[in-house]
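Chains A and B, in that order, are what the protein sequence lines are. Sequential numbering of the first sequence, starting at 39, is according to our numbering. Sequential numbering of the second sequence, starting at 39, is according to our numbering.
These are calculated hints, taken from the structure and not from any lab test. Take the hints with a grain of salt, since some may be wrong.
Since the list gives no way to pick out one identical chain from another, each pair is judged satisfied if it fits inside one copy or across any two copies.
[Said to hold, decoys possible] Below, simulated DSS-like cross-link-like pairs (lysine-lysine); rule was C-alpha separation at most 25 Å, straight line: (1) 158 <-> 140; (2) 140 <-> 283; (3) 83 <-> 335; (4) 281 <-> 140.
There are 2 protein chains.
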Amino acid sequence: MKLTILGCYSATPRTLNNTTSQVLEISNHMFLIDCGEGTQVQLRKHKIKFNRIKHIFISHLHGDHFFGLVGLISTFRLLTRETDLHIYGPVGVKEVVTLQMKLADSWTNYNLIFHELDSKNSELIFEDDEVEVHTIPLNHRIYTNGYLFKEKEGNRKLDINLVEEANINVAYFRKLAQGFDVINEDGVLIKNETVTKPGAKPKSYAFCSDTMYKEDIVPIINNVDVLYHESTFLEKHAHLASKTKHATAKEAARIAKKANVGVLLLGHYSTRYDSINVFKEEAEEVFENVELSEDGKIFDF
Amino acid sequence: MKLTILGCYSATPRTLNNTTSQVLEISNHMFLIDCGEGTQVQLRKHKIKFNRIKHIFISHLHGDHFFGLVGLISTFRLLTRETDLHIYGPVGVKEVVTLQMKLADSWTNYNLIFHELDSKNSELIFEDDEVEVHTIPLNHRIYTNGYLFKEKEGNRKLDINLVEEANINVAYFRKLAQGFDVINEDGVLIKNETVTKPGAKPKSYAFCSDTMYKEDIVPIINNVDVLYHESTFLEKHAHLASKTKHATAKEAARIAKKANVGVLLLGHYSTRYDSINVFKEEAEEVFENVELSEDGKIFDF
Numbered sequence: 039m040k041l042t043i044l045g046c047y048s049a050t051p052r053t054l055n056n057t058t059s060q061v062l063e064i065s066n067h068m069f070l071i072d073c074g075e076g077t078q079v080q081l082r083k084h085k086i087k088f089n090r091i092k093h094i095f096i097s098h099l100h101g102d103h104f105f106g107l108v109g110l111i112s113t114f115r116l117l118t119r120e121t122d123l124h125i126y127g128p129v130g131v132k133e134v135v136t137l138q139m140k141l142a143d144s145w146t147n148y149n150l151i152f153h154e155l156d157s158k159n160s161e162l163i164f165e166d167d168e169v170e171v172h173t174i175p176l177n178h179r180i181y182t183n184g185y186l187f188k189e190k191e192g193n194r195k196l197d198i199n200l201v202e203e204a205n206i207n208v209a210y211f212r213k214l215a216q217g218f219d220v221i222n223e224d225g226v227l228i229k230n231e232t233v234t235k236p237g238a239k240p241k242s243y244a245f246c247s248d249t250m251y252k253e254d255i256v257p258i259i260n261n262v263d264v265l266y267h268e269s270t271f272l273e274k275h276a277h278l279a280s281k282t283k284h285a286t287a288k289e290a291a292r293i294a295k296k297a298n299v300g301v302l303l304l305g306h307y308s309t310r311y312d313s314i315n316v317f318k319e320e321a322e323e324v325f326e327n328v329e330l331s332e333d334g335k336i337f338d339f
Numbered sequence: 039m040k041l042t043i044l045g046c047y048s049a050t051p052r053t054l055n056n057t058t059s060q061v062l063e064i065s066n067h068m069f070l071i072d073c074g075e076g077t078q079v080q081l082r083k084h085k086i087k088f089n090r091i092k093h094i095f096i097s098h099l100h101g102d103h104f105f106g107l108v109g110l111i112s113t114f115r116l117l118t119r120e121t122d123l124h125i126y127g128p129v130g131v132k133e134v135v136t137l138q139m140k141l142a143d144s145w146t147n148y149n150l151i152f153h154e155l156d157s158k159n160s161e162l163i164f165e166d167d168e169v170e171v172h173t174i175p176l177n178h179r180i181y182t183n184g185y186l187f188k189e190k191e192g193n194r195k196l197d198i199n200l201v202e203e204a205n206i207n208v209a210y211f212r213k214l215a216q217g218f219d220v221i222n223e224d225g226v227l228i229k230n231e232t233v234t235k236p237g238a239k240p241k242s243y244a245f246c247s248d249t250m251y252k253e254d255i256v257p258i259i260n261n262v263d264v265l266y267h268e269s270t271f272l273e274k275h276a277h278l279a280s281k282t283k284h285a286t287a288k289e290a291a292r293i294a295k296k297a298n299v300g301v302l303l304l305g306h307y308s309t310r311y312d313s314i315n316v317f318k319e320e321a322e323e324v325f326e327n328v329e330l331s332e333d334g335k336i337f338d339f
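The following block holds chain A by itself, in its conformation from the complex (with noise of 0.2 Å):
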């Protein structure tokens, strides 16, 4: 699992920071998350291959969140894209592109498939074989959704050496590598666990931004493998973090530890501050595994 942080501050662009996107790279999988203005160029600057990215999804309708997206969308259609594109959102995002394009008179050559969001409730959005996309309904003065990525159980690991000694067909390899008990060319039952051993542990994460401190997402994120929790102020700005239905980095730590994360990682900070390592140390007050991210930062996880 990889991640790339493309812009990770808040309210406007700047010419050194940019605002919220990120790639999650995951099962194959190339998602695009939140998009703000002059998300192309950082793609461009990270190399990352346009017709990979299938899916897009957007948090919320502040501009530093999605005022990127019309121009990717039209970027993709003047490289002569085919491949469909997802775009998962808050009601309003199609119009507003299809608004744009209209007025351009400029339509696409690939498909461009809307799924609107306006659930309150955490929703199973997009499934494969390998991978879940679940919406995190967050507490923000419009409507906004965080999401949780989750890899699959994989499939389980035969153990050649075993498999050849209790004497199976090759043809239920397969059926072992899925966790199912198989018969033997003897017509004896072999249990999966002695021939095969678990796959990779699957990975999750969740993104969570904008939001105010929400304790019922702790159910929806509990254990992921990485927690992305907007920290837009120190405690020392509570009032403006509750003013504007943000959070500070103390509350991004609660709920980490509640939720019982493997990993913070913080962002989507106010430029106010000098510095944002003081982000991380008042994070860790409460929580030990904290993170910053930081536009062009990537992590392997």
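Given chain A, work out where chain B should sit, using these hints.
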């Protein structure tokens, strides 16, 4: 008259190429012309004071000319702007911006005044004591206007020795500057040109992008000091220019020559060419005074 090129490439923003946007400083105004994605960051890079921009002129609603507009408007709000902002552009620009403000529940705390255009004839759209702005109807795939910025004749310059010799009361100095004849203290009519000299020559700038070759614009832009004319292609790709309703460098030069302009400034280059110098070389075969716009370049005319 000072022109800052924030972006001058066509189609899509890239790591090193920005899409169209320019800042024209003329007669104490700071006019922003077009606003491709990333314009607000370019403004910051060039340390242009956001508050000095009171008028934005959008040529047409293709993304490379206006996808940065809503982000800039939104950033003005976050910076607690109070100054009125006037937006000139095709019908539809207001709907795009207000839809996105509605979805974000983010209304501006300053007056945002839209002047939507739909005429096919050149119109006077802005005027004050010092400057006029006219539209230049262009021929592109969708409704498009260029803009002509013209300083008015400035005040005449008084020769203070001659004025004193002529025994003219100080109360008449303003009338003299405005070009009127006046009566002196002895009741004698003093002809204006005997005691004043012409003021500074008024400057003019015509912005023409995007458009195919269109001779109809010549009478509108006749004798301007500086003509920016798009040159997306070279003559060897004239078939593409014709198909996409763009112009070649040579066609831009033909317009410059027919209109007897001072300087031709090329831009809106396709990124298919390795170097932009070829645009200058091609244009110079027709018209001698050619300049190349480049991202970040500043011209003092």
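- Item | residue 158 and residue 140: within-copy, between-copy, both or neither at 25 Å Cα | between (31 Å within a copy, 20 Å between copies)
- Message: Treating 25 Å as the Cα threshold, decide for residue 140 and residue 283: within, between, both or neither.
- Response: The answer is between: 18 Å across copies meets 25 Å, while 34 Å in one copy does not.
- Item | Intra- versus inter-subunit Cα pairing at 25 Å for residue 281 with residue 140 | Close across copies (20 Å), not inside one copy (37 Å); limit 25 Å.
- Task: Pop the pair residue 83 and residue 335 into one bin, within, between, both or neither, using alpha-carbon distances up to 25 Å.
- Result: For residue 83 and residue 335, both the intra-copy (12 Å) and inter-copy (23 Å) Cα distances are at most 25 Å.
The structure agrees with every numbered hint stated previously.
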